[in-house]
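Residue numbers (my numbering), protein chains in the order written: chain A, 1 to 114; chain B, 1 to 113.
Because the hints were derived from the structure by calculation, they are not lab data. Here the structure is a predicted model, which means the values were calculated and not measured. Check before you lean on any hint, since a few could be wrong.
Unchecked claim - Cross-link-like lysine-lysine pairs, in silico, PhoX-like; alpha carbons within 25 angstroms at most: (1) A/K58 / A/K5; (2) A/K106 / B/K57; (3) A/K71 / A/K15; (4) B/K57 / B/K18; (5) B/K71 / A/K5; (6) B/K13 / A/K42; (7) A/K5 / A/K109; (8) A/K106 / A/K71; (9) A/K15 / A/K42; (10) A/K57 / A/K109; (11) A/K42 / B/K3; (12) B/K55 / B/K70; (13) A/K15 / A/K68; (14) A/K15 / A/K58; (15) B/K71 / A/K42.
Said to hold, decoys possible - Far from chain B, by Cβ distances over 12 angstroms, these chain A residues were calculated: (16) Q14; (17) G43; (18) R61; (19) M78; (20) V112.
Claimed, not checked - Stretch-level coverage of chain B by chain A, calculated; a stretch enters the list once three of its residues show a Cβ under 8 angstroms from a Cβ in chain A: (21) 41-49; (22) 101-112.
We treat Cβ as the ideally placed atom computed from N, Cα and C, and that holds for glycine.
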Amino acid sequence: QQQVKQSPQSLIVQKGGISIINCAYENTAFDYFPWYQQFPGKGPALLIAIRPDVSEKKEGRFTISFNKSAKQFSLHIMDSQPGDSATYFCAASMSGAGSYQLTFGKGTKLSVIP
Amino acid sequence: DVKVTQSSRYLVKRTGEKVFLECVQDMDHENMFWYRQDPGLGLRLIYFSYDVKMKEKGDIPEGYSVSREKKERFSLILESASTNQTSMYLCASSSSGTSSGYTFGSGTRLTVV
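Isolated chain A (complex conformation) (with noise of 0.2 angstroms):
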């Protein structure tokens, strides 16, 4: 079954610190790994995105860690900041056969403290 499965639902971090949000995946033809941010009151907005041939992407305070062999992607947030604070979610999708449709997972909703 095509499932992500994202954790933890809520997190809280202070101000400066890292906030990391955990996405594991079952199907192995995903080949497109995207996070998405939303503020309260908008659409989901795409922030980064990663492909399985890295294991590492980087985008100035937001990186995503990539681990083909364990199914599992994540999303640090480095020296996070009050405008952080928001949803995440994360997703993936597979190539081919005309279908680009993405899989999400259920949300974190991250709030950064001062």
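With the hints as your guide, set chain B onto chain A.
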């Protein structure tokens, strides 16, 4: 700036009404999707479309239908609104060219009373 536009931010409808939620994208994307978002349940796929006049059921299609008469527009229809359809509804679109993720609209908060 490319975007997905949902026609209403907030809607209040009565039980039994027929409700139309409209979504328009300006990116010439082939794929369009409707999700509902509820606390603790994440994003649940209602319907999606890979082409004009084409539709496929997602995980929770019961009580909903869709229409895609033009490439840029994807409508979600609640045939007879019920209180358990009170939710945030999100439209998204994506390109079939490569796995490039979705672009989401800002959502419609629907309350059925």
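Hints versus structure:
1. Distance hint between A/K58 and A/K5 is fulfilled; the C-alpha atoms sit about 22 angstroms from each other, no more than 25 angstroms.
2. Restraint check for A/K106 and B/K57: satisfied, since their Cα atoms lie roughly 20 angstroms apart, inside the 25 angstroms limit.
3. About 30 angstroms separates the Cα atoms of A/K71 and A/K15, which puts this hinted pair outside 25 angstroms; it is violated.
4. Between B/K57 and B/K18 the alpha-carbon distance is near 19 angstroms, which keeps this suggested pair within the 25 angstroms criterion.
5. For the hint linking B/K71 to A/K5, the alpha-carbon distance of about 33 angstroms lies beyond 25 angstroms, and the restraint is violated.
6. A distance of roughly 21 angstroms separates the Cα atoms of B/K13 and A/K42; the hinted pair therefore holds under the 25 angstroms criterion.
7. Restraint check: the Cα-Cα separation between A/K5 and A/K109 comes to about 15 angstroms, which is no more than 25 angstroms; the hinted pair holds.
8. Restraint check for A/K106 and A/K71: satisfied, since their Cα atoms lie roughly 17 angstroms apart, inside the 25 angstroms limit.
9. As the CA atoms of A/K15 and A/K42 are separated by approximately 23 angstroms, the hinted pair is consistent with the 25 angstroms bound.
10. Between A/K57 and A/K109, the direct Cα distance comes to roughly 22 angstroms. Compliance with the 25 angstroms bound is thereby established for this hinted pair.
11. Restraint check for A/K42 and B/K3: satisfied, since their Cα atoms lie roughly 13 angstroms apart, inside the 25 angstroms limit.
12. Only pairs whose Cα atoms come within 25 angstroms are accepted, and B/K55 paired with B/K70 is accepted, the gap being roughly 12 angstroms.
13. With a C-alpha separation of about 31 angstroms, the suggested pair A/K15 and A/K68 falls outside the 25 angstroms cut-off, and the hint is violated.
14. This hinted pair checks out: A/K15 and A/K58 have alpha carbons roughly 20 angstroms apart, not beyond 25 angstroms.
15. Note on B/K71 and A/K42: the hinted pairing holds, with a Cα-Cα distance of about 24 angstroms set against a maximum of 25 angstroms.
16. Every CB of chain B is more than 12 angstroms from the CB of A/Q14 (nearest about 25 angstroms), matching its label as outside the interface.
17. Not every Cβ of chain B is farther than 12 angstroms from the Cβ of A/G43; the closest lies at roughly 3 angstroms, contradicting the non-interface assignment.
18. A/R61, annotated as away from the interface, keeps every beta carbon of chain B farther than 12 angstroms; the closest lies near 20 angstroms.
19. Non-interface status of A/M78 relative to chain B is upheld: no Cβ of that chain comes within 12 angstroms, the nearest being about 23 angstroms off.
20. Its beta-carbon lying about 20 angstroms from the closest one in chain B, A/V112 satisfies the requirement of being farther than 12 angstroms from that chain.
21. Residue count for the stretch 41-49 of chain B with a Cβ under 8 angstroms from a Cβ of chain A: 5. That meets the three needed, and the coverage hint holds.
22. Only residues whose beta carbon comes within less than 8 angstroms of a beta carbon in chain A count, and the stretch 101-112 of chain B has 7; three or more means the coverage holds.
In this structure, the hints that do not hold are numbers 3, 5, 13 and 17, in rising order.
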